[in-house]
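Visitor: So you can see what is in the structure, the chains are spelled out below.
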Amino acid sequence: DAGITQSPRYKITETGRQVTLMCHQTWSHSYMFWYRQDLGHGLRLIYYSAAADITDKGEVPDGYVVSRSKTENFPLTLESATRSQTSVYFCASSLNRGDGYTFGSGTRLTVV
Amino acid sequence: AQTVTQSQPEMSVQEAETVTLSCTYDTSESDYYLFWYKQPPSRQMILVIRQEAYKQQNATENRFSVNFQKAAKSFSLKISDSQLGDAAMYFCAYRILTGTASKLTFGTGTRLQVTL
Chain A
1 DAGITQSPRY
11 KITETGRQVT
21 LMCHQTWSHS
31 YMFWYRQDLG
41 HGLRLIYYSA
51 AADITDKGEV
61 PDGYVVSRSK
71 TENFPLTLES
81 ATRSQTSVYF
91 CASSLNRGDG
101 YTFGSGTRLT
111 VV
Chain B
113 AQTVTQSQPE
123 MSVQEAETVT
133 LSCTYDTSES
143 DYYLFWYKQP
153 PSRQMILVIR
163 QEAYKQQNAT
173 ENRFSVNFQK
183 AAKSFSLKIS
193 DSQLGDAAMY
203 FCAYRILTGT
213 ASKLTFGTGT
223 RLQVTL
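One line per chain: the protein sequences are A and B, in this order.
The working numbering applies: residue 1 is where the first sequence begins, and numbers increase by one.
The working numbering applies: residue 113 is where the second sequence begins, and numbers increase by one.
These aren't lab readings, by the way, just hints derived from the structure by calculation.
As the structure is a prediction and not an experimental result, all values here were calculated from the model.
Be aware that one or more of the hints could be misleading.
What the hints assert, rightly or not - Straight-line C-alpha distance at most 25 Å; calculated SDA-like pairs for lysine to any residue:
1. Lys70(A) with Ala51(A)
2. Lys57(A) with Pro121(B)
3. Lys190(B) with Gly98(A)
4. Lys11(A) with Arg155(B)
5. Lys57(A) with Asp138(B)
6. Lys167(B) with Thr102(A)
7. Lys11(A) with Tyr64(A)
8. Lys185(B) with Gly40(A)
9. Lys70(A) with Gly3(A)
10. Lys185(B) with Tyr64(A)
11. Lys185(B) with Asn96(A)
12. Lys182(B) with Gln195(B)
13. Lys11(A) with Ser154(B)
14. Lys57(A) with Lys182(B)
15. Lys57(A) with Ser67(A)
16. Lys167(B) with Arg97(A)
17. Lys57(A) with Ser142(B)
18. Lys190(B) with Gln156(B)
19. Lys167(B) with Gly98(A)
20. Lys185(B) with Asp99(A)
21. Lys190(B) with Asp99(A)
22. Lys11(A) with Pro152(B)
23. Lys190(B) with Gly40(A)
24. Lys167(B) with Asn96(A)
25. Lys182(B) with Asn96(A)
26. Lys190(B) with Gly100(A)
27. Lys167(B) with Gly100(A)
28. Lys185(B) with Arg44(A)
29. Lys190(B) with Pro121(B)
30. Lys182(B) with Gly42(A)
31. Lys190(B) with Glu59(A)
32. Lys182(B) with Gly100(A)
33. Lys167(B) with Thr139(B)
34. Lys182(B) with Gly98(A)
Stated by the list, open to error - Have a look at the derived ranges for each label pair, beta carbon to beta carbon:
35. Lys167(B) with Leu95(A): 31 to 41 Å
36. Glu141(B) with Arg44(A): 13 to 23 Å
37. Ser140(B) with Gln18(A): 37 to 47 Å
Just so it is clear, CB atoms sit at the ideal spot from N, CA and C, and this is done for glycine as well.
Could you build the full structure based on these sequences and the hints that come with them?
Guide: Here you go:
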């Protein structure tokens, strides 16, 4: 039962570089989400997807791009990383609307 | 805007005692679910308990129970017989069911310390 896998677990990148965070789930869950976690802000939604090829913006989408060509994958790309994007990023999935999420283990991203 | 408020940034409880974490939320929707998540130092997000808004009965999971007051939009978490392993950040969240925007909205969290 592999569940939901995020990679890498830690990443350091330079300002201006493009970086992609990967998320893969093995359950064929319809819904997938990307959140960022920052001290004092809790978890804030970046993007979400209700199904393959359907994505929508969340609360803090600026500077991020997502795609979902396959149900099981939902990569998050920072097109030109900035220091303000230093954060812990969580991917999550759920089967139905009333379900809680199952979270990945998170990626700690540092932009220097 | 739909929001979740956790007014206690930090709390402390002695081992074996009971502690209650507060949460209030604001939504105009009538159909939604409420959740409490635990995040230990490992960073993993763990679902603690789930409550359907249409149910009056409060949810219970072993030592964890909630006090759900729909009219007051309050959803507190009670931890009984606290253990050292309960030390973590706790997040309250809700999820509406209408429309395509069905996603969890989180509070800012309460850090729980458990002392001997």
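Visitor: Determine for every hint whether it applies to the structure shown.
Guide: Status of the hints after comparison with the structure:
no., hint, in the structure
1, Lys70(A) with Ala51(A), "holds (9 Å)"
2, Lys57(A) with Pro121(B), "violated (28 Å)"
3, Lys190(B) with Gly98(A), "holds (22 Å)"
4, Lys11(A) with Arg155(B), "holds (16 Å)"
5, Lys57(A) with Asp138(B), "holds (21 Å)"
6, Lys167(B) with Thr102(A), "holds (23 Å)"
7, Lys11(A) with Tyr64(A), "holds (16 Å)"
8, Lys185(B) with Gly40(A), "holds (22 Å)"
9, Lys70(A) with Gly3(A), "holds (16 Å)"
10, Lys185(B) with Tyr64(A), "violated (33 Å)"
11, Lys185(B) with Asn96(A), "holds (23 Å)"
12, Lys182(B) with Gln195(B), "violated (29 Å)"
13, Lys11(A) with Ser154(B), "holds (17 Å)"
14, Lys57(A) with Lys182(B), "violated (29 Å)"
15, Lys57(A) with Ser67(A), "holds (12 Å)"
16, Lys167(B) with Arg97(A), "holds (17 Å)"
17, Lys57(A) with Ser142(B), "holds (23 Å)"
18, Lys190(B) with Gln156(B), "holds (21 Å)"
19, Lys167(B) with Gly98(A), "holds (13 Å)"
20, Lys185(B) with Asp99(A), "holds (20 Å)"
21, Lys190(B) with Asp99(A), "holds (21 Å)"
22, Lys11(A) with Pro152(B), "holds (21 Å)"
23, Lys190(B) with Gly40(A), "holds (23 Å)"
24, Lys167(B) with Asn96(A), "holds (18 Å)"
25, Lys182(B) with Asn96(A), "holds (23 Å)"
26, Lys190(B) with Gly100(A), "holds (19 Å)"
27, Lys167(B) with Gly100(A), "holds (16 Å)"
28, Lys185(B) with Arg44(A), "holds (21 Å)"
29, Lys190(B) with Pro121(B), "holds (16 Å)"
30, Lys182(B) with Gly42(A), "holds (23 Å)"
31, Lys190(B) with Glu59(A), "violated (30 Å)"
32, Lys182(B) with Gly100(A), "holds (19 Å)"
33, Lys167(B) with Thr139(B), "holds (17 Å)"
34, Lys182(B) with Gly98(A), "holds (17 Å)"
35, Lys167(B) with Leu95(A): 31 to 41 Å, "violated (20 Å)"
36, Glu141(B) with Arg44(A): 13 to 23 Å, "holds (20 Å)"
37, Ser140(B) with Gln18(A): 37 to 47 Å, "holds (39 Å)"
Checked against the numbered hints listed earlier, the structure breaks hints 2, 10, 12, 14, 31, 35; every other hint is satisfied.
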